[in-house]
Amino acid sequence: MPVENVKETLDEILHDYIPSSISTPSEKALYEPDTFYGLPQKKADEYRYEAIKYAFRHHYENNRFYREVCSENGVTPDDIRSIDDFSRIPLITHKFFKDYPSGRDFAVWLANLMSTEVPKVVIKGKNPSFDDVIDAFAEAGVVVAFSSGTTGKFTFIPRDAWTYKMGQYAIGRSAIEMLKQWYEPDASGFLLFPNPKKTNIYVGKVTNVMYDLVKDVQVAIDREITTQILRISMGVTFNFKEKMMSKMIKAASKKMNEDMVKRMVNWIDEMYKKGERILFAGAPFILNMALDRLEEEGKSYDFGERGAVLTGGGWKIHEDKRLPVEVFRERVGKILGIPPENCLDLYAMVESNGFLVHCPEGHYFHIPQNYFHVRVIDDDGEDVAYGEEGRFAFLDGIAMSYPGFISTGDKVKIHERCPACGREGPVLEPEVERIKGEEIRGCAEEMRRIIMEE
Amino acid sequence: MFREWREKGYIMPARMLRVTMGALPSLIKVLLRHPVYVMKSNLAARKNAVDLGRPSYEIPEYVEGMPYCKSNERYLRPTHLCNPHAKEIIALANHLGAYKLPDWEFAENVFNFVKKNIKLAFVGMDREVDTLRRGTGTCVHQLSLFAALCRAGGLKARYKLYSLALVEPLYENMIEVSPIMKSWYDALGSFMLHGTAEVYIDGEWVVADPTFTPEYEAAMGLPLAKLGDDPMGIWNYPLEGTVMLLEGLPYGVGVAWNFLVNFLAKGERIKIDRSMNEARKKGREILDEMGEEEYDASVRAKYEAKIPKITLEKVPNLVFE
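Protein chains in written order, with the numbering used here: chain P, 62 to 515; chain Z, 39 to 359.
Next comes chain P alone, as it looks inside the complex (with noise of 0.2 angstroms):
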């Protein structure tokens, strides 16, 4: 039987992620409430304030990049004293974490960018990779998460414990709150991401929670994935060794594709005969070979409400293919025999904390509105009115070892309020597109290009 009360379930499952002693207005924003997304809006509007005003008076007083560009802004934590003036706080523009330099000064760049103190990190050799300062950094208790683009330049964030864990505790928490009709602590995933065990990728870092969240959890990509070898599938090489490297790896991928397929479709059914709960989380491309396999065989299920399905990171399974979410969802319900409200996609970057899922009555996208601000800007940086379209930004208020103030290259629409549900709270529409003039970029793309053999 599905859980009753979440957060109490939650809260034992995932007691690691939990502090034990619950004191700033950002943890008690984030661990109090008994839901993320059905709190009245009054509460949520308190939690979030409290919340994002004691980050930002934490960034201010903890990291001089930040102050800075805060005095640029004329702007001082005494100057928010409501929601209203969040539009005060200075927004940083994604581009900037892709603005680092290489070799020592790349470490020396993380961190100075920290808001937390930073731990005791030794690096070695004279010009160390990134792979090395990162690993020299995760040693330190510091997890170094990346994401890249089509061009492989990287987007690097530092989080320390204190947030890496909030950030564990919060998409576990949005994830099973949407899918509460599903969950049982009893079932078993299938993770269509890398193993979060072997890379600081973010869309393989971020579900490491997933090995509490379920019994057991089999993994799409069971291998290594550092910096280089991500630069290298988005088809970045340096040299001749790369070079190779990159030939090896999609001569491998047709291989490794197949038995990732095989794997999955002997999984279904052996789940299916044990009458399993089963999740499927990750990369909606992936599961789609796993369908398109399936079809080829004539197979199907009726998982019905024992399955689920929880995506992220785009919708593009080739090159020149997008996949329409109502037919991915289609296909899951014609061949898994998963209802459509159990396919929900979640939205979420490498920059933020904030998890953003569908409901299961309509599919928008709702916002962990107790500690997580979005605002959706147009070109002026203004916020533009409920209806309309423009850039993606937000108010992390549980980032605290880096500055969570950040304007994306996303663009999104924003409702009011959910056309679909009674939850409170503004939404945004079901796809997010990138903003024209921004680079390609997406997890799932990331995930397509280290294992398609094209």
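Be aware that a few hints might be false.
Unchecked claim - Calculated lysine-lysine pairs in the DSS-like style (CA-CA distance at most 25 angstroms, straight line):
1) K67(Z) to K308(P)
2) K304(P) to K220(Z)
3) K315(P) to K220(Z)
4) K185(P) to K302(P)
5) K241(P) to K276(P)
6) K259(P) to K323(P)
7) K67(Z) to K316(P)
8) K185(P) to K352(Z)
9) K264(Z) to K156(P)
10) K304(P) to K67(Z)
11) K472(P) to K156(P)
12) K67(Z) to K315(P)
13) K159(P) to K352(Z)
14) K78(Z) to K67(Z)
15) K241(P) to K395(P)
16) K220(Z) to K308(P)
17) K264(Z) to K138(Z)
18) K181(P) to K352(Z)
19) K67(Z) to K304(Z)
20) K276(P) to K323(P)
These are computed hints drawn from the structure, not numbers from a lab.
Following the hints, complete the assembly by docking chain Z onto the known chain P.
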């Protein structure tokens, strides 16, 4: 001589060789996969040639004794496909204010001339005077013309070449219209070679990207580039490790390109040229409606996302061994 050749970039730098050789196999693969399509496309090209029109300018007449820079210094001397001693180049450089105007104003005139008059088109690689006479060329043609004019007027100029990933509107307009180009681009994840020029003024190298006419920029929703504007991060994203600074173009740089656009994939080239030409017409309408200054101001504000600068200060807990 070897040293001079190397300095002038006549010997293809390893990085460019790598970029070129890396790009060719996927192109050949794409062409071999679709021989019938390529043949049909080339046949259709004969009937559907695209008319880019005649140049909208007259090349000034060369008069004996016109001043020009005869120096053999690096970045001032003639290089492959960039001859500042050609009569038409000298005449135009003088017409644009060489030796009469301050350096910046002269360079700006050269920049605006190339940018506003030379239409981007995928033509075979040839000399700077051919570009000037024709009024069309690739980015590299335009850079050669820009550099030749600057050098004739006594300003050092060089090339900055790299592979790049395009932003969406450019991808749609230039790449997606040709299935062959699209397959090639997608296989590489980038466009093989693009570049900007750099001109040396008052002790600094200043970026010059004359690639697009204002009409094309308007159609693509881009700001109208000015001398000193760097397109990196605005409409192009160079691939890490591919940026090359060159005095001149290497010998043989255009062999494969010329074979491609003049023979092997002529039909595809015409599709792209037509698409860009159509876009220029739409862009003209936008500029007529808004006015160039107003258009630029509104779009520029959008593109000038302020990237805050971070000062790297020593962090005691970072230990380097």
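CA of K220(Z) to CA of K308(P), is that 25 angstroms or under?
holds (20 angstroms)
Holds or violated: are the alpha carbons of K276(P) and K323(P) at most 25 angstroms from each other?
holds (22 angstroms)
Verify the proposed pairing of K78(Z) with K67(Z), using a straight-line Cα cut of 25 angstroms.
holds (18 angstroms)
Would you check the hint for K259(P) and K323(P), treating anything up to 25 angstroms between C-alpha atoms as holding?
holds (22 angstroms)
Given the hinted pair K159(P) and K352(Z), is their alpha-carbon gap at most 25 angstroms?
holds (21 angstroms)
Between the alpha carbons of K67(Z) and K316(P), is the straight-line distance 25 angstroms or under?
Judged against 25 angstroms, a Cα distance of about 21 angstroms means the pair holds.
For a C-alpha distance cap of 25 angstroms, please report whether K264(Z) and K156(P) respect it.
Given that 25 angstroms is the threshold and the Cα spacing comes to 22 angstroms, the pair holds.
Under the criterion that the straight-line Cα-Cα distance not exceed 25 angstroms, is the pair K472(P), K156(P) satisfied?
Between K472(P) and K156(P) the Cα gap is close to 15 angstroms, so the pair holds against 25 angstroms.
Holds or violated: K181(P) and K352(Z), Cα atoms, limit 25 angstroms.
With Cα atoms ~13 angstroms apart, K181(P) and K352(Z) stay inside 25 angstroms; holds.
Does K67(Z) sit within 25 angstroms of K304(P), going by the straight-line distance between their CA atoms?
Roughly 17 angstroms between the alpha carbons, so the hint for K304(P) and K67(Z) holds.
Within 25 angstroms, alpha carbon to alpha carbon, are K185(P) and K302(P)?
Between K185(P) and K302(P) the Cα gap is close to 23 angstroms, so the pair holds against 25 angstroms.
CA of K67(Z) to CA of K308(P), is that 25 angstroms or under?
holds (14 angstroms)
No hint from the list above goes unmet by this structure.
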